Amino acid sequence: MSDREQVVELSGVVKRYGNFTAVEPMNLAVEAGAFVTLLGPSGCGKTTTLRMVAGLAAPSAGDILIKGARVNDVPIHKRNLGIVFQNYALFPHKTVFDNVAFGLKYRKAAKAQIAERVSRALDLVQLPQMADRFPNQLSGGQQQRIALARAIVVEPDVLLLDEPLSALDANLREGMRVELKKIQHQLGITTIFVTHDQSEALAMSDKIIVMNQGRIEQEGSPEDVYTRPRSEFVARFLGNSNLLDGQVTARDGNALRIAVEGLGEIQADSEGTEAPQNGARLRLVVRAEKIRLSSTPQDKTDATRLTGRIETVDYQGQSARYFVTVGTHSLQVINPIDRRPFGQGAEVSVEIRPRDVVLLKPE
Amino acid sequence: MSGGQNIVTSWSLIRAFTILIYLFMFLPVAVVVLLAFNANQFGSFPMEGLSLRWFVELWNNDAIVRAFKTSVLLGSLTAAVSTTLGVLTSLALVRYDFRGKGLITTLMIAPILVPEVVLAVALLLFLRWLEMPKSFPLLLLGHVIFTLPFVVLIVQARLVAVRRDYEEAALSLGANAFHTFREVTLPLIMPAVFAGVIFAFTISFDDVTGTLFWKPGGVETVPTQIFAMLRNSISPEINALGAVMVVVTVAVPLLGVSIARRMAAALR
Chain A
1 MSDREQVVEL
11 SGVVKRYGNF
21 TAVEPMNLAV
31 EAGAFVTLLG
41 PSGCGKTTTL
51 RMVAGLAAPS
61 AGDILIKGAR
71 VNDVPIHKRN
81 LGIVFQNYAL
91 FPHKTVFDNV
101 AFGLKYRKAA
111 KAQIAERVSR
121 ALDLVQLPQM
131 ADRFPNQLSG
141 GQQQRIALAR
151 AIVVEPDVLL
161 LDEPLSALDA
171 NLREGMRVEL
181 KKIQHQLGIT
191 TIFVTHDQSE
201 ALAMSDKIIV
211 MNQGRIEQEG
221 SPEDVYTRPR
231 SEFVARFLGN
241 SNLLDGQVTA
251 RDGNALRIAV
261 EGLGEIQADS
271 EGTEAPQNGA
281 RLRLVVRAEK
291 IRLSSTPQDK
301 TDATRLTGRI
311 ETVDYQGQSA
321 RYFVTVGTHS
331 LQVINPIDRR
341 PFGQGAEVSV
351 EIRPRDVVLL
361 KPE
Chain B
1 MSGGQNIVTS
11 WSLIRAFTIL
21 IYLFMFLPVA
31 VVVLLAFNAN
41 QFGSFPMEGL
51 SLRWFVELWN
61 NDAIVRAFKT
71 SVLLGSLTAA
81 VSTTLGVLTS
91 LALVRYDFRG
101 KGLITTLMIA
111 PILVPEVVLA
121 VALLLFLRWL
131 EMPKSFPLLL
141 LGHVIFTLPF
151 VVLIVQARLV
161 AVRRDYEEAA
171 LSLGANAFHT
181 FREVTLPLIM
191 PAVFAGVIFA
201 FTISFDDVTG
211 TLFWKPGGVE
221 TVPTQIFAML
231 RNSISPEINA
241 LGAVMVVVTV
251 AVPLLGVSIA
261 RRMAAALR
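Sequence lines, in order, name chains A and B. Here the UniProt record's numbering is used: position 300 in the first sequence is 300, and no number is missing along the way. Here the UniProt record's numbering is used: position 221 in the second sequence is 221, and no number is missing along the way.
These are calculated hints, taken from the structure and not from any lab test. Mixed in with the good hints there might be a few duds.
Unchecked claim - Derived CB-CB ranges, DEER-like:
hint: 1; chain 1: B; residue 1: Phe126; chain 2: A; residue 2: Ser139; range: 54 to 60 Å
hint: 2; chain 1: A; residue 1: Asp132; chain 2: B; residue 2: Leu186; range: 22 to 28 Å
hint: 3; chain 1: B; residue 1: Pro137; chain 2: A; residue 2: Leu187; range: 54 to 60 Å
hint: 4; chain 1: A; residue 1: Leu187; chain 2: B; residue 2: Ala161; range: 32 to 38 Å
hint: 5; chain 1: A; residue 1: His185; chain 2: B; residue 2: Ile109; range: 53 to 59 Å
Said to hold, decoys possible - Here are the simulated SDA-like pairs of lysine to any residue, each with C-alpha atoms no more than 25 Å apart in a straight line:
hint: 6; chain 1: A; residue 1: Lys78; chain 2: B; residue 2: His179
hint: 7; chain 1: A; residue 1: Lys94; chain 2: B; residue 2: Met190
hint: 8; chain 1: A; residue 1: Lys78; chain 2: B; residue 2: Thr105
hint: 9; chain 1: A; residue 1: Lys105; chain 2: A; residue 2: Glu116
hint: 10; chain 1: A; residue 1: Lys111; chain 2: B; residue 2: Arg182
hint: 11; chain 1: A; residue 1: Lys94; chain 2: B; residue 2: Ala161
hint: 12; chain 1: A; residue 1: Lys78; chain 2: B; residue 2: Asn6
Only a predicted model underlies this, so the values are computations on that prediction, with no experimental measurement involved. Idealized CB from N, CA, C, for every residue including glycine.
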């Protein structure tokens with residue numbers, strides 16, 4: 001993977017608006033064919049970063065390279081990009097055909113070739129019948145597909161997606177998500193995707209870059225970012241996490257025992273992270289769905305076993321979300337439902353496996 | 001329940017008052033249009049038969065036909081120049097950030113806030129100071145100055161509503177700034193541009209005050225021609241000319257607005 005060509009590179013890129021720094025010095029490399037997601041809450045600098053790659057915003061410092069060439073001074077219309085905007089931005093006064101053909105016209109393609117490429121692009125997004133319609137005659141999902149067709153028909157070096165799914169209905173969004181990823185994979189097109197939706201990011205990306213306050217918090221594969229958050233922000237932003245403060249009381253290789261005030265002792269595994277010293281203060285992250293509740297404790301694992309009482313039950317169909325009081329703490333737990341959910345006030349055994357405990361330096 | 005009774009009477013009073021005001025405003029216009037079709041030399045009621053003779057005389061009156069041509073030419077040129085400048089100004093004011101933007105906006109709108117006489121005299125004095133004689137281009141310049149704010153206001157309002165991402169999409173697809181304007185921005189603001197053209201034309205066509213100050217000797221527009229004719233006598237021809245003016249200044253904008261509406265609806 002690593003010897004693949006870097007299609008987009010950012011080195012030390014900064015964006016300031018007056019005294020406000022929207023993007024702190026940032027380095028980023030996107031490999032050919034990769035689907036990279038910039039994930040973060042609004043105002044984290046993800047859209048600004050995308051706009052700088054697009055040439056819609058000029059970086060205050062640093063270099064942006066596309067296919068190895070510095071593009072800081074290359075205007076947007078010469079960058080060979082495809083952008084899908086949040087509100088589609090289909091030209092309302094042009095037919096679907098003319099919308100999709102728009103980019104080809106400026107690439108000096110011959111008429112016959114334009115017609116052929118447009119129809120191929122419309123086939124790809126499964127809307128071959130819509131060429132003569134106007135955008136306002138299409139549904140949101142259809143407009144979304146046409147916007148995608150318009151962006152990819154020019155065979156851009158990079159496809160930039162600015163929250164393209166956020167204007168769609170929830171159930172449509174999931175379908176589009178699968179399809180978008182499929183088309184991206186099929187074309188092998190290098191893609192940068194901006195979203196604040198963690199499930200989109202997890203489902204679609206080869207690499208996720210979690211951003212907060214203009215900084216990269218963590219980057220890695222979806223699995224890596226999800227299961228091994230490296231900061232409290234990432235832990236909180238992705239999924240439902242429990243954060244606990246503790247102190248290392250015993251250490252045997254990678255196996256740690258960590259005392260958490262008001263809860264008890266938790267066993268953890270420091271594999272893959274820098275092993276903390278005995279007595280070191282730590283912050284622990286435990287994902288809500290990694291905690292296992294059962295009515296009777298099971299002996300066969302090396303898990304930490306605690307006893308708790310169900311405080312609230314949030315029934316979600318195939319799973320349920322509980323708040324469980326353990327000692328002086330309230331833990332959030334999401335478990336699949338086996339026959340029927342635990343009732344409020346029930347005594348349960350709470351099990352946490354050592355490898356599901358993520359260790360963070362205290363902040 | 002005398003309170004409720006009072007409200008009812010006061011509403012009907014307001015209604016009656018409103019009707020009276022409208023009558024006061026439009027009755028003279030109606031009378032002029034009506035008398036334009038009067039067969040008799042002297043306008044009085046009851047009318048003694050309908051006739052189109054005054055319109056025929058209008059047509060045969062060289063001075064009036066010349067004034068009409070001047071007005072149409074002046075109005076068209078004013079519309080063309082004002083709209084071009086107005087669109088460019090609006091683009092600058094809406095799409096770009098620069099120092100003194102607020103000041104420029106205010107100055108741009110100022111001509112419709114300053115009394116026309118003041119504006120007229122000011123421009124005249126200014127050109128005296130530059131030692132430039134009165135001329136048709138000067139008259140055109142004057143008309144552009146006070147029609148431009150209308151165009152800017154209309155186009156600006158539309159441009160604000162055109163989302164920036166249409167233009168960004170065009171740019172990202174390889175169109176340069178000029179192509180983007182021609183292919184995307186201009187079609188999207190076309191209804192406003194069209195409305196601007198109509199406004200500029202009608203305002204120019206209708207103008208008396210500024211025109212009286214700025215027109216060079218021997219050049220008359222329709223309104224100044226009417227003015228001149230009124231000084232001698234009240235001829236029924238004036239009624240006919242007035243009727244033509246009413247039609248032009250009412251029908252053109254109405255037609256324009258309905259076309260602009262249709263264009264805007266097509267873009268939605």
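Hints broken by the structure, by number, lowest first? 8, 12
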